[in-house]
Amino acid sequence: ETGVTQTPRHLVMGMTNKKSLKCEQHLGHNAMYWYKQSAKKPLELMFVYSLEERVENNSVPSRFSPECPNSSHLFLHLHTLQPEDSALYLCASSLSGTRNQETQYFGPGTRLLVL
Amino acid sequence: QKEVEQNSGPLSVPEGAIASLNCTYSDRGSQSFFWYRQYSGKSPELIMFIYSNGDKEDGRFTAQLNKASQYVSLLIRDSQPSDSATYLCAVKRPGGYNKLIFGAGTRLAVHP
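Chains as they are written, first to last, in my numbering: chain X, 46 to 160; chain F, 17 to 128.
Rather than coming from a laboratory, the hints here were simulated on the basis of the structure. All values reported here derive from a predicted model rather than from experimental measurement. Where a beta carbon is used, it is the ideal one built from N, C-alpha and C, also for glycine. Warning: the hint list may mix true and false statements.
Unchecked claim - One-sided excerpt, in silico: chain F residues whose CB lies under 8 Å from chain X:
id	residue
1	L62
2	F65
3	K108
4	K115
5	L116
6	F118
7	G119
What the hints assert, rightly or not - Counterexamples of contact, computed for chain X against chain F with all Cβ distances above 10 Å:
id	residue
8	G59
9	K64
10	S65
11	H71
12	G73
13	E97
14	P106
15	S107
16	F109
17	P114
18	S117
19	H122
20	Q127
21	E129
22	L160
Said to hold, decoys possible - Partial selection, computed: residues in chain F whose CB lies under 7 Å from chain X:
id	residue
23	S59
24	P60
25	Y113
26	N114
27	A120
Please take these sequences and the hints and turn them into a complete structure.
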């Protein structure tokens, strides 16, 4: 499998559930990102991991908890979400440190609906 | 003022015409600029990037950068109905790690 993959592709959860989103990149990159995309709004950066170290936590509520066990895998743990958290969650990866290779490549996203 | 601004559209062009998509940014120190295409219900895919002032061409696509005016554009020649999508402009903040700031996107509709 190539590129950036995400599972699950669709997720429906209640406000009291706990679930996790998974992202895996097969590009040899060393930086990974979580974005949230809500209807009619720009992509919002949530978290950034560079060389497995979190370098950005963009004022995201604590009900979202990221985990990056290695440079190829990224998780987003979800608990006690709110209906307004319903959105498309996108994972991306890039190769940091080299200008011509800093392009971010996106996974297909997880469409999340919180009831 | 938004960091990255795009006209939301829709921009409607006839098939075969040139579509011109525009983007302005506020941080004068920005160095890297990206155009992504996003089809409805799909994730963004990179079209091209540009770092230097001037034009950069790739097939039917041309990116234009004017750092003095803080303006970057994307031209699509010979537009096809399959080009109908939302086009996202992204700007890399100067310094530090690779943080992109995205515009809200311009929706392009190419009609036969």
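Holds or violated: is the Cβ of X/E97 farther than 10 Å from all Cβ atoms of chain F?
Its Cβ never comes within 10 Å of chain F, the nearest being 13 Å, so this holds.
Nearest-CB test (10 Å) between chain F and X/Q127:
23 Å, holds
Taking C-beta pairs only, is X/K64 more than 10 Å away from all of chain F?
20 Å, holds
Regarding the hint that F/F65 lies at the interface with chain X, is the smallest CB-CB distance below 8 Å?
6 Å, holds
In terms of Cβ atoms, is chain F entirely out of 10 Å range of X/H71?
16 Å, holds
Please verify that the nearest CB of chain F lies beyond 10 Å from X/L160's CB.
20 Å, holds
Any Cβ of chain F at or closer than 10 Å to X/S107, or is the non-interface label fine?
Fine: 21 Å to the nearest Cβ keeps X/S107 off the interface.
Please confirm whether X/S65 is truly not at the interface, meaning its C-beta sits more than 10 Å away from all C-beta atoms of chain F.
Fine: 19 Å to the nearest Cβ keeps X/S65 off the interface.
Can we keep the F/K108 interface hint, with Cβ of chain X closer than 8 Å?
Constraint on F/K108 satisfied, holds at 7 Å.
Any CB of chain X closer than 7 Å to the CB of F/A120?
Interface hint status for F/A120: holds (5 Å vs cutoff 7 Å).
Go through the hint on F/G119 and say holds or violated, using the shortest Cβ distance to chain X against 8 Å.
6 Å, holds
Would the non-interface assignment of X/G73 survive a Cβ cutoff of 10 Å against chain F?
15 Å, holds
Comparing the model with each earlier hint shows no violations; every hint is respected.
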